[in-house]
Amino acid sequence: KQEVTQIPAALSVPEGENLVLNCSFTDSAIYNLQWFRQDPGKGLTSLLLIQSSQREQTSGRLNASLDKSSGRSTLYIAASQPGDSATYLCAVADRGSTLGRLYFGRGTQLTVWP
Amino acid sequence: DAGITQSPRHKVTETGTPVTLRCHQTENHRYMYWYRQDPGHGLRLIHYSYGVKDTDKGEVSDGYSVSRSKTEDFLLTLESATSSQTSVYFCAISEGAGMSYEQYFGPGTRLTVT
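Protein chains in written order, with my numbering: chain P, 1 to 114; chain R, 1 to 114.
Excised from the complex, chain R in its bound form:
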């Protein structure tokens, strides 16, 4: 299994509070991604990173920010959590981008916003 950990694994928080989720990898892969998984929508890309300090938005980025100060860590921050951000969040990594590169996923973080 690819060395990807996510923390916390479960979190319950209140509306309006900031939340930070962490993804940590031991594979030294260049690309890192944050997805959310919701019933009826499947997995959707929130943000991604193509190197230290290099990040960009995915299709559902509103209300989220990210940071990557080290190759191994990719942080996802909910600036002010809302109930619509209740979801399961997955981090993924990839050595490269293109034809032959697989993405490997972490175990997920289940976030509940009350």
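Looking at chain P on its own, in the form it has when it is part of the complex:
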């Protein structure tokens, strides 16, 4: 069974810092990996999707990389802002499971203080 781990569980940084969130998964047979953002009491907002054949994706100040062979992904946030404070979740779409189902990590809770 696919297992997804996110490190660190929580992170607190001052505004302006560049930061890296880590995600690892146990089975490299995946369709894709998605990064989500979740604000308290809200749903999940999709940030980036990296297909298994891709190495990275960028959206604004966000850059996500994927190393499928080692089972790792990183989400890089440049010039962090207080509005970036949220929980960040990564999820993989596993080839060996129900088509399209996602396996989620437990998230990294990010706080960016002014």
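List time: in silico BS3-like cross-link candidates among lysine-lysine, alpha-carbon distance up to 27 Å:
1) R:Lys57 <-> R:Lys11
2) P:Lys1 <-> R:Lys57
3) R:Lys11 <-> P:Lys42
4) P:Lys68 <-> P:Lys1
5) P:Lys42 <-> R:Lys57
6) R:Lys53 <-> R:Lys70
7) R:Lys11 <-> R:Lys70
Listed next, the stretches of chain R that the computed footprint assigns to chain P, with coverage defined by at least 3 CB atoms under 8 Å from CB atoms of chain P:
8) 36-44
9) 48-62
10) 96-104
Short derived list, chain R residues pointing at chain P, Cβ under 7 Å:
11) Tyr31
12) Pro107
13) Gly108
It should be emphasised that the hints constitute simulated quantities derived from the structure, not laboratory data. Beta carbons: idealized from backbone N, C-alpha and C, even for Gly.
Given chain P's structure and the hints, the job is docking chain R onto it.
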């Protein structure tokens, strides 16, 4: 934002009563999913649907049933609610399943079983 609504948004019910949660989409996407989110477990798949009247079980399906009679609606029923089903329930949709397809999530339903 993807057109996904969930109703009700909050519900308190008593042990042993039946409960139905509704997910409605305006995107005409084929795939729909129900997840639950619990502290310490992250998001876990309950049931999913790959078309009208086509549904299957996820990893935590015991005590739940689903129905999909129209493309736009996916219903989750707790036959006889228990305290262990207190959770936040999220519906997700996807146009397809595979490498390039993202999942989009609704705002969630917070269910409390007393």
